[in-house]
Each structure stands twice: as structure tokens, then as C-alpha cells.
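Line order of the protein sequences matches chains A and B.
Each residue of the first sequence is one higher than the last, beginning at 0 in numbering that gives the first Met the number 0.
Each residue of the second sequence is one higher than the last, beginning at 0 in numbering that gives the first Met the number 0.
One should not assume that every hint holds.
What the hints assert, rightly or not - In silico lysine to any residue, SDA-like type, Cα no more than 20 Å apart, as pairs: (1) K292(B) x R276(B); (2) K117(B) x M230(A); (3) K315(A) x K292(B); (4) K56(A) x L93(A); (5) K303(B) x S373(B); (6) K213(A) x P147(B); (7) K146(B) x M216(A); (8) K213(A) x I245(A); (9) K315(A) x Q149(B); (10) K306(B) x T346(B); (11) K144(B) x M240(A); (12) K28(B) x R227(B); (13) K117(B) x L218(A); (14) K144(B) x S131(B); (15) K56(A) x F87(A); (16) K213(A) x L246(A); (17) K56(A) x V45(A); (18) K146(B) x Q316(A); (19) K28(B) x S132(A); (20) K301(B) x N263(B); (21) K56(A) x W288(A); (22) K108(A) x M230(A); (23) K303(B) x S331(B); (24) K146(B) x V45(A); (25) K146(B) x K56(A); (26) K315(A) x M106(B); (27) K117(B) x M240(A); (28) K108(A) x F87(A); (29) K146(B) x I312(A); (30) K213(A) x P255(A); (31) K117(B) x T237(A); (32) K146(B) x A242(A); (33) K56(A) x V85(A); (34) K117(B) x H219(A); (35) K315(A) x T107(B); (36) K301(B) x V360(B).
Source of the hints: derived by calculation from the structure; they are not laboratory data.
None of the values given here were measured: they were computed from a predicted structure.
Each chain is listed here by its residues.
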Amino acid sequence: MNDNATAAVDRSERSSMRSLTAVLMQRIQSGWKTLVVGIPNVWLLVFFLAPFFIVLKISLAESIIASPPFSPLVEWSEEGALILQVIFDNFIFLWEDDLYFNTYVNSIKIAIISTVLCLIVGYPIAYGIVRSSSTTKNILLLMIILPFWTSFLLRVYAWMGLLADQGTINSFLIWIGLIEKPIRMLYTEFAVYVGIVYSYVPFMILPLYANMEKLDMSLHEAAADLGARPMTTFLTVTLPMTAPGILAGSLLVFIPAAGEFVIPDLLGGGNVLMIGRVLYNEFNSNHDWPVAAAVAIVLLLILVIPMMLYQHIQSKQAES
Amino acid sequence: MSQQADNQDRPWLDPDAEPFIKVQGVTKKFGPFTAVDNVDLQIYRGELFCLLGGSGCGKTTLLRMLAGFETPTSGTIYIDGAEMSQVPPYERPVNMMFQSYALFPHMTVEQNVAYGLKRDGVAKADIAMRVSEMLKMVELTPFSKRKPHQLSGGQRQRVALARALVKQPKVLLLDEPLGALDKRLREQTQFELMNIQDQLGITFVVVTHDQEEAMTLSTRIAVMDEGRFVQIGTPTEIYESPDTRFVADFIGSANMFEGRIVENGADHVVVRVSDPRIEFFIDHGMSIKEGTKVWIAVRPEKIKISKNAPTESGANQIQGTVLGVGYLGNLSTYRVQAGSAKVVDVTHPNQSRPKGDRHAVDWDDQVYLSWDPSSAVVLTK
Ligand SMILES: Nc1ncnc2c1ncn2[C@@H]1O[C@H](COP(=O)(O)OP(=O)(O)O)[C@@H](O)[C@H]1O
Ligand SMILES: [Mg+2]
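Same shape as in the complex, but just chain B (with noise of 0.2 Å):
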């Protein structure tokens, strides 16, 4: 097996590979206000690379800079090798999906998604070829001679997916594209999504502020918090192993444990944590003096919830009271009292039906909350 092949699907990786979109220490300020800070990113061709953040934390106005729409304060774009700070939006190849999806009001569904192609000055029949086509994709067929605002939100949604890919871009910019749907049917876009995205080829750049739909979607993500990225990474990555706080908290839940170092042994490092009084015991070596402040984060669902006290005794376990159980049929979320502040938030799927209505573990139980060495995370910003 060769380097090469390993890393196909993940060029991220290839040192060699020549990002497609290249950002150098792009800032973008409105008046005093600086929207990006000192952004650095790198895109691979074919990835489908979310943005995700907070509400205005400057992930449209990323977007817009890629697109031109906005002009960096500094720093430089590269979009397959052209520096772009010269090149206007409608020379740059690459498509938007507006938050607003911006479809023509006065023109059909059919004109909205020739509009691009008849800029481009294709021959008449290929346009009413590639139109057609399109629609057929996102299944809009029926609707090609409707006006927009006689489209429901999810119809006009496609519109403008349609009308931004029927050009073929090589990047293709969505702002927030799956915002105005229901749940059921943003879920069943995004597989659409990541099917064409898939089909064509083209490289997606996606701003979202939902971390599900960055997680279902995307090859990596950006965390973005007041105008920085605070981590790039796969969604495994971000997810498992989160370099901040922020990062831990922002996707998914965390508890969050707040200790110093006691012990930093070469393959492991002990964390006395005061609230509540136990030891945690991280089965990994760090480069961390002892005594430093850390803080430790562990998912909802990595934490053991039984009666019964574990087996093996030692480090990672304590007791507590649950305060609250919330049912939700696949899975229960517990509140468990642990130390005299500390609320411990677990999860757990239920693997059986619980008998008449009495679940395995109820308000009030005593409980023993348990969870692996490889489970917690050190963080220390």
C-alpha cells in the first residue's frame, strides 16, 4: 500500500497535494469591527468543507470573500492557483448558494437556472438540454414554468442549488443551504447534497451553524469563533478529540471537569479534579508539567450508568444521585448530583425495554457513573 493511495481520500494529509482553495492570513474589518481575524485554510479539490460557528462569527463573510463579494482588509485567496484579489465575482469559478437563495423574482424557475448558463453564452439547445437535466435532479420538473414565490421554502431551496451547480463550477459556495427546512426534509437534502457533491466532483464549502448537518456533511470542519477557527479536523476529530473548551462544548455535550496534573508518568497522566474529589486517569502521556490547570471533557455517552458499583476498582468512577431521567425511547439522558455542585450528564441507549414503567435506573437511585481511561480528554485552553 502505498502513501499515495492512503491518503485519496483524505489529501489533507498528502503533504504534496496542492490545496484548490488557498486563504493566507486573510482578515476582513468593518470599520473598527474585524469580522475575520487572521484567517489560514486550506481546501483540496473534491472536499465537501464545512464552516461552522456561532451566529456572527464571520462565516458569510468568509464565504463572501471567496466569492468576491467582499475585498480581504489583507491577506490573499488563491482558487486553483489564481490569486483572486484582482478577479471579480463574475470572472471567479465559483458558484453561491445565497442564505437567501437570491432567486429572480420576475423570472421562471426554468429562466432562474438558465440565467448563468446564458452568461456564459452557450448555444440555446444546450441550455434547454442542461435546464432540463438539472431540474430533473433536484425534481423540479413539474414546477420549471412556476414564478418563486409560488414555490414552497424547499422548492425554492433546490432552485437555487440548481441554478448555482447547472454551471459546474469547480467550487461551489453554500450559505447556510439547508436553514429554512423542516428536520425531515434537511436530512433528506443533506443525503442529496453529498450525492451530487459526489456525483460531480465539484469542491463544496458549506457555512453552517448546525453541528449535526456539519458532521453528516463534511470531509473537515472548521470551528469558527469571533472571526478565528479554533480547530480544523475531520468530524471524528472535532468530535473526539477537541483541542478547546469551546470546541468540546460547541459540538455536542461535554462534561467538563476543571483539575491540575498530579502525576505525569510517560504513558499516562493522573488529573485531581475537586468537584467532585476523585482522580482521573488518562491512559496517554502528555507533555504537560505537573500542576498545571486543565480541564477535563467527557462526552454524555462515553460515561457507564449502573446500580451496582463496576468491578474493577480504581481511578474514573464516582457516585451520585440522579436528579432527572429524560426518555427518549432510543436512548435516556440522565442528571446525575456527583460532588456537592457538579452535575454529571449521561446518556445511554436503551438496549432493553424497560418493564411496565420501571426503568433500570430511576429518579433518586444511587448510581455509579464509571468510564474508560481513553474516554476523557485533557484540554487546557
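Chain A extracted, bound-state conformation (with noise of 0.2 Å):
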């Protein structure tokens, strides 16, 4: 009888302790939602958004000869009074010296060349690896990923062994005797071709070889079956349907290439203009931060507008 009642306590307060820590586990639980939602947030807003923001103010500032070397935004005047001095020289200045405009567009185009020679190229080896048989694609996957084992900077000093006048490609040729003097590739717009193309056409295969490996094989056969020859068969099935992953490779070669600096300033020595050594050297030669400041924004302008696009038509694409 007494053993019963005490069992019956015993139970009602492990079960009162049970439901203590189903409640203390799932405080606990949204906690942890909380911070995992949280943790990408907090990244983007400290190292993302934050630096945005001072080089936003460092583009309105003024040149001046101090430490650091731009006004500040907002001042205390000598009267007591808060003074905000916002200046939009820079990108006045920018958009009225022809060398600025010139290399963006020219940024621009050299970016836009390479990311449709990283699709002509990377595309058929995308295709080439999802078609082959599961252990040659891990091998062919494993060599695509392979160079990102070396540093990028030795890869393009690599570059310049191979191109330049007395290099290998030169030296080879001479040797053959298809050539008598060297072919000048180094420091022309070529080689940054070269460059940038080696070293972004993985971005360009990894996105396309995601999106091709859930590319259903038998419609290839519908369409050959309704009549459809194997060029039809691409242009109008292969092509619009790999569209999302060519307009991933795409942006994922295009932005960077954009930016692009350690690749003009080695392989095309002064003679290509790109954005980012103007923006290099606006920086470290000229020391003028708020000029440099203006030039990245307007950088990441023109990068963010085809991102938003692409956002759009993502989103038009998933409502659909």
C-alpha cells in the first residue's frame, strides 16, 4: 500500500520533470533556429553590407592630404553645428574622363568575350562528362577541379612562361619551323583572353554539368522520335533546357572576369585597360581612396544589375 502511494508521487514528478525539459528542449530548439537563420545574416551584415557602406561613404568624401586620406561625412563645425558634407565629384569625375568610361566598357566587352568563350568551351566538356560512365565522369570531374590545388597566382605566372617571346609555345614553334620570329601573345589582349578563360572555365562546366546531370535523356529520344535531327535536337530541347545553367556559368564567369586585376596586370601588362588595376592603381600610386571608392561602386552597379536580372527571372521561372 505505502510502496504504491510513493511510486504514484515518484511517477507524477518524473513526469512533471519530464514535461519541464520538453519545454527547456524546445527554448532550446527555437534558439538554435533562431541562430542558424541568424549566423548568415550577421556574416552578411558585418562583412558584406558594413564594408559596402564605408566605401559608400569613402566615395562621397573629398581627396585631402591626411591619415586617412579622405574628409570625413559628417563633421562638428567651429559654431557647434553638425555639418553632413556629401560630394559627388568623384563620379562626376569618372563619368567625365574618357579613360574611366573607356575601361569599363572595355571591362565589359573583355568580360563578356571570355564568358562566351568559357560557354563555347565548357560547354561540350560539361556535356561530354554527364554522357560518359560514372567512373570516367569522377575522374574527368576530379581533373576539372584538380588546378584550384595550385595557386591561383602561380597558374597565371604559368601562363606567362608559356606565352611569352622566348617561352615554351614560341620556342616550340621556332623549333618545329613553323615560325622564324616569336609570335607576340604576352602582354596583348589575347593572353588576358587566355588567362581569364583557363582559369574561370571551371565556374562556367561546374554550374552546367549540375544542371545537365538532371537533364531527363529520354526526351532526346522523344524528339528524335517525332522526327527531330540531332542539331534540332539540341537547339531546340538541350539548349533551352540547360538555359538555368548556362545563365549560372555565365554570371559566375562574367563578375569576376569584370573585376578581373592579377590577370591584365601580368598577362597584359599596361597595354590592356581593365577596371580593376585602374582601380589598383587610384589606390596605391595616386593614393586618391575616394576616386578608388567611386570606381568600385559603380563597378558593383553594373555587376548587380545582371545578378537582379538573373534573380528575376529565376523567380518569374519558379512561379511558372
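Put the two chains together into one complex, using the hints given.
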């Protein structure tokens, strides 16, 4: 009898304990959820949005000889009033000076041509990988990723060695007697294209591969069955269905290519104007931080617009 | 009555008829695995021919060889008199309805159906007309602007059918066309298919693993097993005179008895079965030696079940105990223990209403089973 009573008390205590832990667990879990969602937001805030506003602030300042070398945005005047000093001179300067305008246009041109070249090179490679057997597939994918094991800078230097007047390619061509004098390749736009396409083609191949991997091969058979020749099948089925991959890959190539600094600097020398180099010069040679910041902001806008277009198209596709 | 007119609906009986599709000694190997094994087949114009068999027996592979997606390892295929080995899929006079439908997801229903006509360079106005006609026939007109993922399974299946039919091919290949549909929709579509086939006069080759579907649809059925044809014939032939135990078992169900020929007369055969101990009297002669081991197949619905002894005594009857009754409404199925280990399945139509809850034959009843001398089939393999 007595035993039973104790047991009953025990049980009720235990059950209240259990409900307490349950509540606690729930609290922790919901806290955990906020944390998981929160971390990326905090990350973006600290490492993206804050720097962006700092750069924006600098771009609206005036270059002065001081440390830091730009005028403050807000300032207490001698009378004790708060002065907000916003200067758009830097942006106007960018617009009026042909050098900057031409450099932007040239950067975008090089980025677009490089993207198209990456697409032409990457598309058949991605398609080939998807169609190969699973063991070959893994080996091929590994080979695409393998160059990332060595430093990007090192690989660009290697291209300098290959493309130089006395470099490997010219020496070889002279040796087999195809040419007599070396062909000028290094420090030309050609070298920049080679460098960009070589460096960025994996960023084209991988999203294309991911997209094509999901492609239903029976659609190709269906097209053939309905009378489409291979080329027609490609144009009417394969191409439209890989459009998302093409778009993703193109953005991944276009955006970094447009702002590329190392490749035009090392492979293009002084002959290829790209905005990354101008930016570098404004900062390090001219010490004009506000103009450099303005250059960066304009570049960002140029790159963000296609991104937003992409987002827009994607969300529209998701709707339909 | 001429022979010609007799065989108009059954061209396979006419020795002069030219088959529309001719498959000669076709084998398909995937590495060491033989998916289709030395197959011969003749299909005639206007037939609705079914390839029937279990999963993995090579039906799809054979169909894909007809469409041109797989090349036979050996053997030849003729369609409409032309040898097909060098003809790519896009030049063959056949269209296929894929098991997965393979609709183009980035195109609307209308565009999917128009795709094949565009490839043939049909004039724009004609395309629009034929597409809308076809959509009307499969009752998809209200959905013409939708994308495939906005359709139900049944609607997608009809788009696939419309897309294959709109080109009016000489042969339509259908791979498990009704597999994804529920029973009611499937039965309805079966009749639609037969109607369409009748209207357009196109030769259909249908792959299915569903024997009921094959029985309903086809003019003839080829039963496949492990890459070979085990029997080709009309639904009636396949059901009533199966060649092998496999066919008897695969199409419908059959009670199988193992025994030996003990008497082989000119107009009858007697087979002695050990379990249950009975003798089967078959009312036609056969060219089998006495003593040969054979199997007797009797369909469950061919067996009469009764609590009273049959009036005529003799062969083809056994006694047993009812182990179970399944009441299906229109008919009842009985499992009867007859002999030491043998359980015989019997189905019987419920021609009169049971009185209250009492059925004419019920659990644990002692019953007599009997059948006609013509109902049993003797099988040697
Ligand atoms: N491309 C292929 N490679 C290897 N084996 C295959 C291939 N296609 C089919 N098979 C094999 O061939 C056999 C028959 O396949 P299939 O014709 O699709 O059967 P089903 O009768 O179910 O349609 C299966 O065992 C399948 O695994
Ligand atoms: Mg199949």
C-alpha cells in the first residue's frame, strides 16, 4: 500500500520533470533555429553590408592629405553645428574622364567575350562528362577541379612562361620550323583572354554539369522519335533545358572576370585596360581613396544589375 | 465465302498476307547479358499487338529496337518492307509513346503536340488545325496552354498519346501506356485507345505487364519470358490453349496437376495424377507416348462446385473440403483441399442471391468438384 503511494508520487514527479525538460528542449530548439537563420544574416551584415557602406561613404568624400586620406562625412563645425558633407565630384569625374568610361567598356567587353568563350569551351566538356560512364565521370570532374589545388597566382605565372616571346610555345614553334620570329602573345589582349578562360572555365563547367546531370535523356529520344535531327534536338530541347545552367555559369564567369586584376596586370601588361587595374592604381599609386571607392561602387552597380535580372528571371521561372 | 474475306480480321492466318513489321532472329545483348534472345515476330497492318511479360523480360528493349533507339546485336527488322538497320529514329515511320511520357517540360501542351509536325515542315495553319483536332480528340483543349507539370498523370498520358498520334505514323509503339493510371481511368482509356486505333487504322504495338490489359486490347498477344517469346496468339488462344505452364500461370490463374499419360486413344487421353489420386479424361487425342510426364491445367472458373455428387459418374471429379470462401459480389472464390497437399481454386458466379448470410457452399463443407473433359489442358513443358 505504502509502496504504491510512493511510486505514484515518484511517477508524478518524474512526469513533471519530463514536461520541464520538454519545454526546455523546445526553448533551446527554437533558439537554435533563430541562431541558424541568424548567423548568415549577421555574416552578411558584418562582412558585406558594413564594408559596402564604408566604401560608399569614402566615395562621397574628398581626397585630402591626411590619415585617413579623405574628408569625413559628418563633422562638427566650429560653431558647434553638425555638418554633413556629401560630394558627388568623384562620380562626375568618372563620367567626364574618357579614361574611366573606356576602361569600364573595355572591362565589360573582355568579360562578355571571355564568358562566351568559356561557354563555347565549357558546354561540350560538361556535356561530355555527363554522358560518360560513372567512373570516367569522376575522373573527369576531378581533373576539372584539380588546378584549384595550386595557387591561382602560380597558374597565371605559368601562363607567362608559356606565352612569352622566349616562352615554351614560341620556342617550340620555332624549333619545329613553323615560324621564324616569335609571335607576340604575352602583354596582348589575347593573353588576357587565354588567362581568363583558363582560370574561369571550371566555374562554367560545374553549374552546367549540375544542370545537365538532371536532364532526362529520354527527351532526346522523344525529339528524335518525332523527327528531329540531332542538331534540331540540340537547339529545341537541350539548349532551352540547359538555359538555367548557362545563365548560372555565365554569371559566375562574368562577374569576377569584369573585376579581374591579376590576369590583365600580369598577362596584359600595360596594354590592356581593365577596371581592376585602374582601381589598384588609384589606391596605391595616386592614393586617391575617394575616386578609387567611386570606381568600386560603379563597378558593383554594373555587376549587380545582371545579378538582379537573373534573380528576377529565376523567380519568374519558379512561379510558372 | 472466300478464304480472303474469312481472314480479313485475322491476317496472320492468311499465308499470302505481307507482315507490316517483320522481326527476324533479333538478339540484343548488354555486355554479357542477353535482354532479347533470338526473337521472330510478324505484325500485320492494323493490328493491335501486345507484348506481354513480367518486369525485366525485355519488352521495352524490343520496342526500342523497333523505334531505333537500340541496335540489335544480331538479326534484322523490317518495317513496311524496308530494312531498318541503317535508318535513324528520326527517319522511321514509327512514333513511340514513352513509358515515362518524356514530355518536353519547357513547352506547353500545344507546343508538345506540334513538335513533330514542325519537324516535318508542315505549314503553320495546318499544324494549328491538326493540333487542335488532336487535342479535341483526347479532350485536352482547355489545357492547351499549360505546361506538363501543371497536368495530372492521366492528362500527361493523353498529351503523350496525342503527340505520338498527331503525326499519323504507320506504327505507334506504346510502352506501358496506361501504367500510371488508376483502374477506372485505365479501363476508360483502354477503350479510347481501341477506338482511336479503329478510327485511324494505325498499327499499334503495345507493351504491358498487365495481362488483363493485354486481353482487353489486343488482336494478338506475344507472351515474353527472359527475352524470348513463349507463345504468340489471340487472347482466346493464349487463355484457352496455353502452350506451357508459364503461359497458363501468367495469363489468369490455373490449377496445375502433375501426372503421367496412362492411356492414349485415337480420340481421348487419360492422365493419372497422384495427388489427388484421380484420372483425367481428355476428350481429344494427342501425339504423346504413354508414360510421358505431363501437367494438366484447369482454370478455376471451369470447375463446377457442388455439395451433391454429380449425376454422371466417372473421370474428372474429386471430393474435397472447403478451406476458404472469398465473396467478391459478382462471383465467389473457393479454396478446396482435395488430396493430401493439393489445394484447388474454384471460382463460381453468384447467379442467385444468398439467403441471409447463408451461402450455397460455405467453410468446411464437403464438396464435389467436376469439370468437362474438354476443359483441361495437357501441357508437356
Ligand atoms: N541500357 C541497358 N544496359 C544494360 N542492361 C539493360 C539496358 N536496358 C535494359 N537492360 C536490361 O535488360 C533487361 C530487359 O529490360 P527491359 O526491356 O527494360 O524490360 P521490360 O520488359 O521490363 O521493359 C533488364 O534486365 C534490364 O536490366
Ligand atoms: Mg519496360
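Outcome of the hint check:
Distance restraint check for K292(B) and R276(B): the Cα-Cα separation of roughly 15 Å lies within the 20 Å cut-off, and the hinted pair is therefore satisfied. Restraint check for K117(B) and M230(A): the C-alpha separation of about 14 Å stays at or below 20 Å, so the hint holds. Straight-line distance between C-alpha atoms of K315(A) and K292(B) comes to about 71 Å, which puts the hinted pair past the 20 Å bound. Among the hinted pairs, K56(A) with L93(A) is consistent with the structure: their alpha-carbon atoms are about 17 Å apart, no more than 20 Å.
Annotation: proposed proximity of K303(B) to S373(B) holds, straight-line Cα distance about 13 Å (limit 20 Å). Distance hint between K213(A) and P147(B) is fulfilled; the C-alpha atoms sit about 17 Å from each other, no more than 20 Å. Using a Cα cut-off of 20 Å, the hinted pair K146(B) and M216(A) holds, with the two alpha carbons roughly 19 Å apart. Under the criterion of a C-alpha separation no larger than 20 Å, the hint pairing K213(A) with I245(A) is consistent with the structure, at around 14 Å.
Using a Cα cut-off of 20 Å, the hinted pair K315(A) and Q149(B) holds, with the two alpha carbons roughly 16 Å apart. Of the supplied pair hints, the one linking K306(B) and T346(B) holds, its CA atoms being roughly 15 Å apart against a limit of 20 Å. Under the criterion of a C-alpha separation no larger than 20 Å, the hint pairing K144(B) with M240(A) is consistent with the structure, at around 19 Å. The hinted pair formed by K28(B) and R227(B) meets the criterion: a straight-line CA distance of about 13 Å does not exceed 20 Å.
The straight-line distance between the Cα atoms of K117(B) and L218(A) is roughly 16 Å, inside the 20 Å bound, and the hint therefore holds. With a C-alpha separation of about 12 Å, the suggested pair K144(B) and S131(B) falls inside the 20 Å cut-off, and the hint holds. Under the criterion of a C-alpha separation no larger than 20 Å, the hint pairing K56(A) with F87(A) is consistent with the structure, at around 11 Å. Note on K213(A) and L246(A): the hinted pairing holds, with a Cα-Cα distance of about 16 Å set against a maximum of 20 Å.
Between the alpha carbons of K56(A) and V45(A) the distance comes to roughly 16 Å, so the proposed pair stays at or under 20 Å and holds. The straight-line distance between the Cα atoms of K146(B) and Q316(A) is roughly 12 Å, inside the 20 Å bound, and the hint therefore holds. Our distance criterion of 20 Å between C-alpha atoms is met by K28(B) and S132(A), whose separation comes to about 18 Å. Restraint check for K301(B) and N263(B): the C-alpha separation of about 24 Å exceeds 20 Å, so the hint is violated.
Straight-line distance between C-alpha atoms of K56(A) and W288(A) comes to about 11 Å, which keeps the hinted pair within the 20 Å bound. For the given pair, K108(A) sits about 30 Å from M230(A) by alpha-carbon distance, which is inconsistent with the 20 Å threshold. Only pairs whose Cα atoms come within 20 Å are accepted, and K303(B) paired with S331(B) is accepted, the gap being roughly 12 Å. Restraint check for K146(B) and V45(A): not satisfied, since their Cα atoms lie roughly 43 Å apart, outside the 20 Å limit.
Our distance criterion of 20 Å between C-alpha atoms is broken by K146(B) and K56(A), whose separation comes to about 49 Å. Between K315(A) and M106(B) the alpha-carbon distance is near 16 Å, which keeps this suggested pair within the 20 Å criterion. The straight-line distance between the Cα atoms of K117(B) and M240(A) is roughly 19 Å, inside the 20 Å bound, and the hint therefore holds. Between the alpha carbons of K108(A) and F87(A) the distance comes to roughly 27 Å, so the proposed pair goes past 20 Å and is violated.
For the suggested pair K146(B) and I312(A), the alpha carbons sit about 17 Å apart, so the restraint of at most 20 Å is met. For the proposed pair K213(A) and P255(A), the alpha carbon gap of about 27 Å is over 20 Å, so the pair is violated. The suggested pairing of K117(B) with T237(A) holds, with an alpha-carbon distance near 17 Å, which does not exceed 20 Å. For the hint pairing K146(B) with A242(A), the CA-to-CA distance comes to about 17 Å; that is within 20 Å, so the pair holds.
Simply put, K56(A) and V85(A) have alpha-carbon atoms about 9 Å apart, close enough for the 20 Å limit, and the pair holds. Of the supplied pair hints, the one linking K117(B) and H219(A) holds, its CA atoms being roughly 16 Å apart against a limit of 20 Å. With a C-alpha separation of about 16 Å, the suggested pairing of K315(A) with T107(B) holds against the 20 Å cut-off. With a C-alpha separation of about 17 Å, the suggested pair K301(B) and V360(B) falls inside the 20 Å cut-off, and the hint holds.
Of the numbered hints stated above, those contradicted by the structure are hints 3, 20, 22, 24, 25, 28 and 30, listed in ascending order.
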